[in-house]
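Trainee: First to last, the sequence lines map onto chains A, S and R. Numbers in our numbering are just positions in the first sequence, counted from 1, shifted up by 668. Numbers in our numbering are just positions in the second sequence, counted from 1, shifted up by 356. Letter 106 of the third sequence, counting from 1, is numbered 100 in our numbering, and no numbers are missing.
Calculated directly from the structure, the hints in this document are not laboratory data. Just to be clear, a hint being listed does not mean it is correct.
Claimed, not checked - Okay, the calculated bits of chain A under chain R, using three or more residues with CB under 8 Å as the criterion:
{"no.": "1", "segment": "745 to 753"}
{"no.": "2", "segment": "794 to 805"}
{"no.": "3", "segment": "832 to 839"}
{"no.": "4", "segment": "868 to 874"}
{"no.": "5", "segment": "897 to 907"}
Stated by the list, open to error - Far from chain S by the CB rule (all over 12 Å, computed), these chain R residues:
{"no.": "6", "residue": "S(-4)"}
{"no.": "7", "residue": "D(-3)"}
{"no.": "8", "residue": "T(-2)"}
{"no.": "9", "residue": "R44"}
{"no.": "10", "residue": "E46"}
{"no.": "11", "residue": "V62"}
{"no.": "12", "residue": "A68"}
{"no.": "13", "residue": "G93"}
{"no.": "14", "residue": "P97"}
{"no.": "15", "residue": "A100"}
{"no.": "16", "residue": "A114"}
In this text, a Cβ means the ideal position worked out from N, Cα and C, and glycines have one as well.
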Amino acid sequence: MTDESDDNITMRVTRYRPDKNDPPVPVDYGVPLRKEWTVLDGLNHIKAEQDESLAFRWSCRMGICGSCGMNVDGEPRLTCATFLSDYAPGPVRVEPLANFPVVKDLVVDINDFMEKLPRVKPWIIRDDDVTEIDGEYLQTPEELDAYKQFSMCINCMLCYAACPVYGLDPDFMGPAAIALAERYDLDSRDHGARERLDVLIEHEGVWGCTFVGECTRVCPKHVDPAGAIQRYKVKAAKESVMAFLLPRAAGR
Amino acid sequence: MTKRRIEPLVWLTFSGGGVAAATFLPVLALLFALAFPLGWIDPPSYDRMADLLGHPLTFLVLLGLFPVMLIHAAHRFRYTLYDGLQVKHKLLVAMLCYGGALAGSFAALVWLGNALT
Amino acid sequence: MSDTRYHPPVRLFWWTTKRSYFLFVMRELSSLFVAWLVLFLILLVRAVSRGEAAYESFWDWADTPWVVAINLLAFAFLVLHTVTWFNLTPQAMDLRLRGRRLPASAIIGAQYGGLLVVSAAIAWLVLR
């Protein structure tokens, strides 16, 4: 398979065939090592030239759709933004995103995440009757800056793959969902902070997090979910102290 | 109305204790656990220490510091057992950790009180 | 329909597989040594509360090799706790001054400043 080893790299791809129900196995494929080739290019080369049964997700190839996340050499990465040459001479391990059930080969089941997202109500909540029909909600550049960082999330779930707490306790709400809640809390047009806090103050909300910080480290969009979670703990603590000191004033 | 939960208050104590341990403990540990026992510096005389611990302000400060640092340690060690060793008896672990911190705090209260002049 | 998905197990010592995970567990393990150092100080208080003889024998005990060994190890873990705690604070605190977010370096610097002041004050009290 490899005649000119200098120009090739071995990709050690984890294969899982659900019909066999055997544990996943690593399979080696030699692909051309080209300067501008990403891990995703390598996988597409395998699928086109060597084994068309290889299953993996991808779409935009430009780091915006968030569907090509995989564990590359044990680290959650967007494979479209990860270059093969950084792993030369190889072999480079390509595994499905950690902490998720595997459907086939490199495809993981993301239903748990899809079910969690709406629970933090990631949309603008108003406590008045103003709607889009009455005109747009105005916002200053400073007000936009307040939440912009947290709005960059592309739901690629690398943070879930990096989070050992989510791996140990799948009930944990997890980094991206909480960062998205913080994104709407910080939005000057939004009034839903209390509703989101009611969800996240629960046991499965923010309290499982032990601030490992890996979610922030692996985030390709620099969203800082770990920071968002700690700030939610501060918010929850403030609320609780207020409720303790002023039992009657709390809540409204 | 936000539901009453214990987690935020425990976390607040954990955080306060973390700050206390990071700020107050290094110098105390360096002096009393290393410098004095190893003879780098002569330990204070008994009268000096009895004076220091006999002061009501010392009593109040240490009575504030010891319990929050113990709860900080208990809370963190509890999660270390959950995550690091995947201990399944979660309630038992929690009771032992926080119970130990409370027992230590009680001992601190008694002995700090005895040292008061 | 049966579940044909593969559920990857979490290994018991998952935190030995990656440097950052290992450092995290060591950081969390510092709690055990913080508890030990507080206990050590409480025992010192007990010795003082029991009179001069108990105070002198406390120092004899504190000088035994195993206590010294534990204290050296505990101090190393305490340094890890202090450094990591100060480093992570800016991420957890969204401190703003006139609408602008305080830079992380300012928050970290302020904490080391606080450590210095507290340490100097305690050392002066004990050693004067």
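Trainee: Report holds if the minimum CB distance from R44(R) to chain S is greater than 12 Å, and violated otherwise.
Mentor: violated, 8 Å
Trainee: Is the listed coverage of the segment 897 to 907 of chain A by chain R valid when you require three or more residues with a beta carbon under 8 Å from a beta carbon of that chain?
Mentor: holds (count 4)
Trainee: Hey, does A114(R) actually stay past 12 Å from chain S on C-beta?
Mentor: The claim breaks: A114(R) does not keep its Cβ more than 12 Å from every Cβ of chain S (closest is about 8 Å).
Trainee: Beyond 12 Å from every Cβ of chain S: is that where the Cβ of A100(R) lies?
Mentor: holds, 17 Å
Trainee: Taking 12 Å as the cut and beta carbons as the points, is P97(R) off the interface with chain S?
Mentor: About 20 Å separates P97(R) from the closest Cβ of chain S, which puts it past 12 Å; holds.
Trainee: Minimum Cβ separation between T(-2)(R) and chain S greater than 12 Å?
Mentor: Non-interface label stands for T(-2)(R): nearest chain S Cβ at 26 Å, farther than 12 Å.
Trainee: Are there at least three residues in the segment 794 to 805 of chain A whose beta carbon sits under 8 Å from a beta carbon of chain R?
Mentor: violated (count 0)
Trainee: Examine the segment 745 to 753 of chain A for residues whose CB is less than 8 Å from any CB of chain R, and state whether their number is three or more.
Mentor: Violated - the segment 745 to 753 of chain A has 0 residues with a Cβ nearer than 8 Å to chain R, which falls short of three.
Trainee: Confirm or reject: S(-4)(R) is not an interface residue toward chain S, with every Cβ-Cβ distance exceeding 12 Å.
Mentor: For S(-4)(R), whose nearest Cβ neighbour in chain S is about 27 Å away, the distance exceeds 12 Å, so it holds.
Trainee: Beyond 12 Å from chain S, beta-carbon-wise, is V62(R)?
Mentor: Check fails; 6 Å does not lie beyond 12 Å.
Trainee: Over 12 Å from every CB of chain S: does G93(R) meet that, or does the non-interface label fail?
Mentor: The claim holds: G93(R) sits with its nearest Cβ about 25 Å from chain S, beyond 12 Å.
Trainee: Run the C-beta distances from D(-3)(R) to all of chain S and say if the shortest one exceeds 12 Å.
Mentor: The assertion about D(-3)(R) holds, with a minimum of 23 Å to chain S.
Of the hints listed earlier, those the structure fails to meet are numbers 1, 2, 4, 9, 10, 11, 12 and 16, in rising order.
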